[in-house]
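J.: Fit chain B with the ligand to the known structure of chain A by using the hints.
Chains A and B supply the protein sequences, listed in that same order. All letters in the first sequence, in the order written, are residues 1 to 417 by this note's numbering. All letters in the second sequence, in the order written, are residues 1001 to 1258 by this note's numbering.
Mixed in with the good hints there might be a few duds.
[Stated by the list, open to error] Here are the computed lysine to aspartate or glutamate pairs in the EDC-like style, where the Cα-Cα straight-line distance is at most 16 Å:
#1 B:Lys1175 <-> B:Glu1159
#2 B:Lys1257 <-> A:Asp230
#3 A:Lys228 <-> A:Glu30
#4 B:Lys1203 <-> B:Asp1136
#5 B:Lys1034 <-> B:Glu1159
#6 A:Lys336 <-> A:Asp300
#7 B:Lys1114 <-> A:Asp82
#8 A:Lys323 <-> A:Glu77
#9 B:Lys1114 <-> A:Glu77
#10 B:Lys1203 <-> B:Glu1190
#11 B:Lys1255 <-> A:Asp230
#12 B:Lys1114 <-> A:Asp230
By construction, these hints were calculated from the structure, which means they are not laboratory data. Every value quoted in this text rests on a predicted model; they were computed, and no experiment measured them.
The lines below spell out each chain.
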Amino acid sequence: MSKPKFKNPVVNWIDYRLPIFTFMNHELNEYPTPKNLNYFWNFGSLAGITLVTMIITGIVLSMNYTAHVDYAFDSVERIMRDVNHGWLLRYIHMNGASFFFIVVYIHIFRGLYYGSYKAPREILWILGVLILLLMMATAFMGYVLPWGQMSFWGATVITNLFSAIPLVGESIVTWLWGGFSVDNPTLNRFFSLHFVLPFVIVGVVILHLVALHRFGSNNPIGIDVKGKQDTVPFHPYYTIKDLFGLSVFTTIFAAAVFFFPNFMGHPDNYIPADPMVTPAHIVPEWYFLPFYAILRAIPDKLGGVLFMFGAIMVLFVLPWLDKSSVRSSQFRPLYKLFFWILVIDCIALGYLGAKPAEGIYVILSRIATAYYFFHFLIILPLLPRIESTRPLPVSISTPIITASSNASTVMAMREKK
Amino acid sequence: MKFLKFLVIIIFSINFFLFGRVFAAGSKIEYPEKNWSFSTIFGSFDKASAQRGFQVYKEVCAGCHGMRLVSYRNLAALGYNQDELKAIAAQFEINDGPNDEGEMFTRPGRPSDKFLSPYPNDQAARAANGGAYPPDLSLIIKARPNGANYLHALLRGYEEAPNNIKVPEGMYYNKYYSGNLIAMPQPLYEDGVEYLDGTKASKDQMATDVTTFLAWASEPELEERKQLGVTVILFLIVFSILSYFSMRQIWAPIKNKN
Ligand code: HEM
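Isolated chain A, as found in the complex (with noise of 0.2 Å):
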């Protein structure tokens, strides 16, 4: 044995034959990282812990939870009313989804704004675009477990699209229900993915981490780390501050599980599933408004899924749509001001989605939807053309003085030396 790495020598004698704590110091101790982070970058580790509290707060659910046509609805009242915290547990899974995807949403248009997606980070953007689609799925059956209105009818509708796939759709409708109309079959096999996606999510986001760790953190100017001069160790600098965003987070998430847990749900879900009486509007969780909004745009059935679905493949994509080799919008102008309009377009698809489909509403949602593939098949690939970017900085460390060089700074730095 060479030296000894580690002070404590049992320690020292796993780690020598299982290298699991050399691993462990490399990845979350020395692991080096820009210096010049901003908050944006504390939301994958929010992602992270949201995750792993979904599957927590899960797991203690299944354990109260009937998955059963007959059952479901009072099974989880049962667990609102006579399990001890169960109102606590099931508040904290329920408004944990919706935090989980603003926390995502986020952290992909960080992505985007800062150009994270591009070489050498391909396949850690792609892993990421994958994560969301499993999040989605996901999120989808477990809102039918509750077995309320909004449950079974949004799952009837959802799985209803599957059958403007040419000649083998309504088989695969049939099959998808196991029966002809969403029911106990359905119900159960929803149960079982939903218990299960998420350990392969699990596993993907342990991709995404290697991936991650190959190159390390992009940053807000883009450009690679030089040297050890533009970074630091990812402890104690970043776990401090991502302790810091999970507490600011932890406080905003408590105060909807506390005091608002139904804002984000709809009333609806409160009413038990009932085959025979359709709700009025049938709505899907805020977030897939957006998404939903685009398939309502498309008048064809099958046109309305394709372009639904393209709207995350063109994600896949996009590493090879925009040939900007600059990554960060800072020194991207034009690049810059179609991010806000994206922004703006994302956020009118999702309220557009909560509209009815008629009139004004439908020429809207058209509109947005074919700006939000304009943005993506069309202007990314042409921007680089038009676009003059502004001269990048020569490392990280140069622009931290210039960006900040007032007088003062200046002056505080001449007297230290």
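T.: Just chain B with the ligand now, with coordinates in the frame of chain A:
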């Protein structure tokens, strides 16, 4: 600061989505807003009002509406003691069985029993109400947008129908019901119940009381939730401040180097 601005954008956009949905739900009818004691941050239920509300439910609404998720023992939260609970439960004849001879039988209720439903099944409920289904009231406040104000308004919304509207047989005009025609006859009339505590049973009083009672039934955890919430949030705020300053301290050498 940039980050704050950004937080505002996020909160704003979620509101935007949700309000889109509220309007989409077609709730164009406005109800008068009331300051419910349970709606505030530190909110709690007015126990006396909830007890009166239980009386209204028991004497009026229970004729048509069940509350199958609530047990008599849960009423302890409204301030009834064990003897009172036993007495309340014993007023009801509960179907039980089979016994050792394989026979079903009835017995007086116990606190552990769920509220007795007025009808044996949904079909019977519909048959007795001209085809309309009187919904279970255990969750009614959570199951309607702006539930408490809605119910309070609905119970007082019965009026002469305007001339241009024809009210079919078995339907009633209610200005707060969506579509205005409801199959529930006006349930509350002046002095419809005689309150045990001597409070004057005006229509508004009864509507307020029964709404308070049903709000409790929908969210029996509300008081505990809000109390715990205040503690948790205070703790988290202190923790955030502490971690903020630790962060500043740890980062100080890096920031100063530049
Ligand atoms: C990716 C992480 C997860 C997401 C996004 C998610 C999402 C959801 C959603 C939206 C609901 C409906 C909440 C409601 O309206 O009541 C739900 C319910 C449920 N979930 Fe999850 N979930 C996740 C992980 C898990 C895991 C890992 C388990 C179990 C191992 C689980 C078990 C349950 C159960 C039993 C319910 C039904 C109880 C209820 O409705 O509150 N979930 N989930």
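J.: All hints are to be evaluated individually against the structure, with a verdict given for each.
T.: Hint-by-hint comparison with the structure:
no., hint, in the structure
1, B:Lys1175 <-> B:Glu1159, "holds, 7 Å"
2, B:Lys1257 <-> A:Asp230, "holds, 12 Å"
3, A:Lys228 <-> A:Glu30, "holds, 12 Å"
4, B:Lys1203 <-> B:Asp1136, "violated, 22 Å"
5, B:Lys1034 <-> B:Glu1159, "violated, 21 Å"
6, A:Lys336 <-> A:Asp300, "violated, 34 Å"
7, B:Lys1114 <-> A:Asp82, "holds, 13 Å"
8, A:Lys323 <-> A:Glu77, "violated, 53 Å"
9, B:Lys1114 <-> A:Glu77, "holds, 13 Å"
10, B:Lys1203 <-> B:Glu1190, "holds, 5 Å"
11, B:Lys1255 <-> A:Asp230, "holds, 12 Å"
12, B:Lys1114 <-> A:Asp230, "violated, 66 Å"
When held up to the earlier numbered hints, the structure conflicts with 4, 5, 6, 8 and 12 and fits the remainder.
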